[in-house]
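Colleague: In case you want the letters, here they are:
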Amino acid sequence: MLAYVIQRVFQSAIVLLVVGLVAFSMFRFVGDPVDNMLGQERTQADIERLRTQLGLDQPFPVQYFKFLTGAAQGNFGVSYRQGRPVSDILVERAPATLELAAVSGFLAISIGIALGVFTAIRRNGFAAHAIMSVSLIGVSLPTFLIGILLIYLFSVELGWLPSFGRGDTVKIGGWSTGFLTESGLKALILPSITLGLYQMTLIMRLVRSEMLEVLRQDYIRFARARGLRERAVNFRHALKNTLVPVITVTGLQLGSIIAFAIITETVFQWPGVGLLFINAIQFVDIPVMAAYLMLISVMFVGINLIVDLLYFAIDPRLRVDRTAAH
Amino acid sequence: MAETSLNTPTSERSRLRVSLDSDFAYQFRKSPVAIVSAVTVLIMVLCAVFAPLIAPYNPFDPASLNLMNGFSKPMEPNAFTGDTFWLGTDDQGRDVFSTILYGMRISLFVGAAAVLFAMVLGISLGLIAGYVGGWVETIIMRVADVQLTFPAILVAMLIFGVAKGITPVEYRDQMAIWVLIIAIGLSDWVQFARVVRGATLVEKNKEYVQAARLIGRGPGAIMIKHILPNVLSPVLVIATISLALAIIAEATLSFLGVGAPPTQPSLGTLIRIGQGFLFSGEWWILLFPAVTLLALALSVNLLGDWLRDALNPRLR
Numbered sequence: 001m002l003a004y005v006i007q008r009v010f011q012s013a014i015v016l017l018v019v020g021l022v023a024f025s026m027f028r029f030v031g032d033p034v035d036n037m038l039g040q041e042r043t044q045a046d047i048e049r050l051r052t053q054l055g056l057d058q059p060f061p062v063q064y065f066k067f068l069t070g071a072a073q074g075n076f077g078v079s080y081r082q083g084r085p086v087s088d089i090l091v092e093r094a095p096a097t098l099e100l101a102a103v104s105g106f107l108a109i110s111i112g113i114a115l116g117v118f119t120a121i122r123r124n125g126f127a128a129h130a131i132m133s134v135s136l137i138g139v140s141l142p143t144f145l146i147g148i149l150l151i152y153l154f155s156v157e158l159g160w161l162p163s164f165g166r167g168d169t170v171k172i173g174g175w176s177t178g179f180l181t182e183s184g185l186k187a188l189i190l191p192s193i194t195l196g197l198y199q200m201t202l203i204m205r206l207v208r209s210e211m212l213e214v215l216r217q218d219y220i221r222f223a224r225a226r227g228l229r230e231r232a233v234n235f236r237h238a239l240k241n242t243l244v245p246v247i248t249v250t251g252l253q254l255g256s257i258i259a260f261a262i263i264t265e266t267v268f269q270w271p272g273v274g275l276l277f278i279n280a281i282q283f284v285d286i287p288v289m290a291a292y293l294m295l296i297s298v299m300f301v302g303i304n305l306i307v308d309l310l311y312f313a314i315d316p317r318l319r320v321d322r323t324a325a326h
Numbered sequence: 001m002a003e004t005s006l007n008t009p010t011s012e013r014s015r016l017r018v019s020l021d022s023d024f025a026y027q028f029r030k031s032p033v034a035i036v037s038a039v040t041v042l043i044m045v046l047c048a049v050f051a052p053l054i055a056p057y058n059p060f061d062p063a064s065l066n067l068m069n070g071f072s073k074p075m076e077p078n079a080f081t082g083d084t085f086w087l088g089t090d091d092q093g094r095d096v097f098s099t100i101l102y103g104m105r106i107s108l109f110v111g112a113a114a115v116l117f118a119m120v121l122g123i124s125l126g127l128i129a130g131y132v133g134g135w136v137e138t139i140i141m142r143v144a145d146v147q148l149t150f151p152a153i154l155v156a157m158l159i160f161g162v163a164k165g166i167t168p169v170e171y172r173d174q175m176a177i178w179v180l181i182i183a184i185g186l187s188d189w190v191q192f193a194r195v196v197r198g199a200t201l202v203e204k205n206k207e208y209v210q211a212a213r214l215i216g217r218g219p220g221a222i223m224i225k226h227i228l229p230n231v232l233s234p235v236l237v238i239a240t241i242s243l244a245l246a247i248i249a250e251a252t253l254s255f256l257g258v259g260a261p262p263t264q265p266s267l268g269t270l271i272r273i274g275q276g277f278l279f280s281g282e283w284w285i286l287l288f289p290a291v292t293l294l295a296l297a298l299s300v301n302l303l304g305d306w307l308r309d310a311l312n313p314r315l316r
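Chains as they are written, first to last, in the UniProt record's numbering: chain A, 1 to 326; chain B, 1 to 316.
Just chain B, with the same shape it has in the complex (with noise of 0.2 Å):
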């Protein structure tokens, strides 16, 4: 069935109307808070990925700079050079707008693969935990708990700085990208484990398991074919809720040092230099990536919260 409506443009067509006439588009044309949101996500994530060809500067091309820009203010033409930079430029003369296009790149880089990773780690974990049970649940889920007691982002910075350690000192810049992938991932597993082992140990009990059981299909075919599917929904908004954490916690661990590296800077890193240029009254270095931070983080926010309700049965 599934392979006809594929093919013939009729039952693709209606598959288009399933799809648009469903509760879940309903709800999403009800919210103006989803709809709001989920354009501004959607804008700021295209602005990301076309950063190259929005930017009006590269601001990492030396050749393309000039120290005399150096300071422009937003919408003002430069004193000395006469040229206009939307939002202004920092000490160096970059580009602001241009510095912030490829920040959003970067931390949205950053949230997203850190999440992926947590998202894969943990359910893989939490399958396993839920399926097998036994010792491998018990040692699994104590190191949850384990985790669990402290914050997120002090395990974050623990990790990061022990892979800092161990990266040679000529590469930590450039894995300093990976490392903050890696550490805020490995911070935020536990949530997807929780949920996924959760809501296993009640799949794995339902007739449709055991049938597949009875057909002989192995543990591993059951886990990612039979059981996956059935309890991705909570996942997807974790996911959501923690993509704001982690855009979020790579900024604060970005702001405070120990993140992306000043050639390579991210939101986070943007708002710890322009904190600099505070208490000299260039505003905009710091004001505008900041705003750009928040809006991100609060969009990709509500649409979590939206998407926790709209999935919630009972809160229709």
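The shape of chain A in the complex, shown without the other chains (with noise of 0.2 Å):
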């Protein structure tokens, strides 16, 4: 057990060099960042006054030991296109994309695993039928034109929900959030279910197979013999045992949904991470890029670990396989 948590943070650790390498080499030899800061007035004596402040004189593992620890203390540089410390930035865009991907994963966890046991229970009733008919159209629709759908429907048509931005929002420490105000309430609603739907029909997906597996199972006929409710069987018995698998893809989904954060943001205009990352790769703004990508691979690899130590501490039945096999 030990031994296999040790390997999984090791292997973790070396995916994490390897991105800040990548992460470090697109910032070090994408465009001169010394040519990137300076304006066009220069003496050679500022560039080489810049040159020897940013340390780029030095050797290159030296180079990049220093944008590691500088990484790890959240010092990612300044924005070329901004002119301000990136983690300034990043401080300032989180809460957006934070409240967006939380409600919008808690609406697919929640809906989804609530549709799923419906349709594997009712499974040949006309509503499951319905909703697994609707749901593969949702898995086949480009994200984006979810969202522009969507906006026509309750934005443009109907005028009930604003097609784009936060609202109002209320600042509470450094954290501006969204939830306290009616308008920012109201502009959550159109990209959480933008965001969340296709996660969704994907845990309602997977909770209806595994229930079906399930169901399908002597103890579940056991259980009804013994003269259990339908109730009981279904979510103390059925739904527990599913859980697993969903566990693991839900994990693996929550650092998607922050990825396709980028997609959501930029059709609603939401000032979160994601807009202006797509902003940084269209204006090369490197420091951003660099940043973005290692905030971001910190939390892949992080989700994915806990992911699997949880996978492991869910189900007796690995930890017995794995010691056996030592």
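Bear in mind the hints are in silico, worked out from the structure with no lab data behind them. Note that CB positions come from ideal geometry on N, CA and C, so glycine has one too. Hints are not guaranteed to be accurate.
Said to hold, decoys possible - Pair ranges (Cβ atoms, derived):
(1) F179(A) - L148(B): 32 to 38 Å
(2) L153(A) - Y208(B): 58 to 64 Å
(3) W178(B) - I137(A): 31 to 37 Å
(4) L42(B) - V5(A): 50 to 56 Å
(5) L148(B) - T69(A): 24 to 30 Å
(6) A13(A) - D91(B): 51 to 57 Å
(7) S233(B) - G125(A): 52 to 58 Å
(8) A25(B) - V5(A): 49 to 55 Å
(9) G125(A) - F28(B): 31 to 37 Å
(10) N230(B) - F65(A): 46 to 52 Å
(11) L153(A) - D91(B): 38 to 44 Å
(12) V91(A) - V49(B): 48 to 54 Å
(13) L232(B) - I172(A): 54 to 60 Å
(14) S280(B) - Q73(A): 44 to 50 Å
What the hints assert, rightly or not - Which stretches of chain A does chain B cover? Using the computed rule of at least three CB atoms under 8 Å from a CB of chain B, they are:
(15) 14 to 28
(16) 139 to 145
(17) 151 to 158
(18) 272 to 284
(19) 292 to 305
Could you use the hints to bring the two separately framed chains together as a complex?
Modeller: Below you can see the structure in the form of structure tokens.
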């Protein structure tokens, strides 16, 4: 068990180092940072001074190490486009993305599991068939088209909900939240549905197929034979045993939600980190791109690691197999 | 035997008959979904290839445009000029039908080229990893694992961003299509490499490979001439599904403004342009490219699903 944990942590660390190297190489070799920071009116002395100041005259491994220690402390340099420290911009933008991702994730998990259980229990009913067909369309629609469709329906035609932005936000400490104002909550509805829809259908289909599998097993039949109520059988016995793969997939999907927030944020002009990243690509703002890459990989690698370890903790069979194999 | 059957007309006919009578063709005729989606894809590919012949206007020739034709509604004569456009025009008077045909050309080209690139790269690396083994395999598969941790679209965006940073400003628009192909291709090779490696591991211990090694064929020849043909059928399925994903990835990137430039609009760029007119009521500029993209992606996807089932002997 311990050996497995150490091995996984070690692997994750290596992945992060490699991603760090990629981010650093981007920073160092895509365009000349000195060129990018100094304007037209520069002297050779200016260039030399900035070079020393940025540490560009030092050997490559030293620079890489400095970049890593800087990144670990949240120092990613200065945005070429906005002329402010990247970390400041990220801190300012992060609440928008995190709130959006949290609401989408919540929607995806709660509605996804509920619909999955429903379609599994009433698998031959009309409603279940209808839900399954609609979900098939939902999977094949690209995210940005779903967003546009929702905007067209609810903003342009019906005029119920705003089509862009976060509405009014309230500052609590350094965190700006849209949860506390009416316009903020209204502005959250369409983007979070757009972002969560794909994950919702995924979770729903997964729960459904796992449930169907489990419901066929003997212990369910025995539970029914013992005279347990249908609800107890479905939720206490069946659902509980479908949750292991659901947790894995859901965990891995949390990372995707943040990544796909890029698309949703662009459609709804949501002032989050994703929109920042897209603008950074458009204007080749390398420090912002590198910082985003580092942040998102820390998150992905972290989530992967946690999911792997959770899986290990939840499913006792895995533990037995592993120790037996060693 | 192969030579005689190729040269005589009688056996030519029987070859055709054999392929028409095959199980594969039977499965195809039996599935209405496969037929409809295959026909749709075929029509769209033909339209894209012959776009300059079919399109009633050349949307990229400023001389053929008339600003007075701007915002013509579909199937209605324009209020100023009296010209009628099937699917209407955009703000600059460009015929939407023609821009869709040209856009489809770019979408399909980028999608197909990206998949081809991913396929060649993935198959080569997968073959090498599976056949050679050792530290070469470890490095290739580790890189694949790391890349698989991130969503493909994110990888494609990053590669696009870096490539954009490397290309000089004045070439960025011209190079965008090629950068897009490389970015999507590089984000998609892992699938192919993993499948090919797995199949190669199985094949390389079979007797025919040992026989080939015994008669002194080199590793390159064994990989390409002997193993490759035997691992191709799962690759075909992945390639079809990848094509649908690549088309959607291209559309997404172009929609986000980090893909095909407005001077060479793909379907995604057209949707991006059309979104701007949604609020002023010019719905056709957005709707028709979106429907085309959906039909294209959906039919390629369904075709891929069918192919997966048809090539899977266990499902019969």
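Colleague: Please flag the earlier hints that this structure goes against, numbers listed from lowest up.
Modeller: Hints 7 and 11 contradicted; others consistent.
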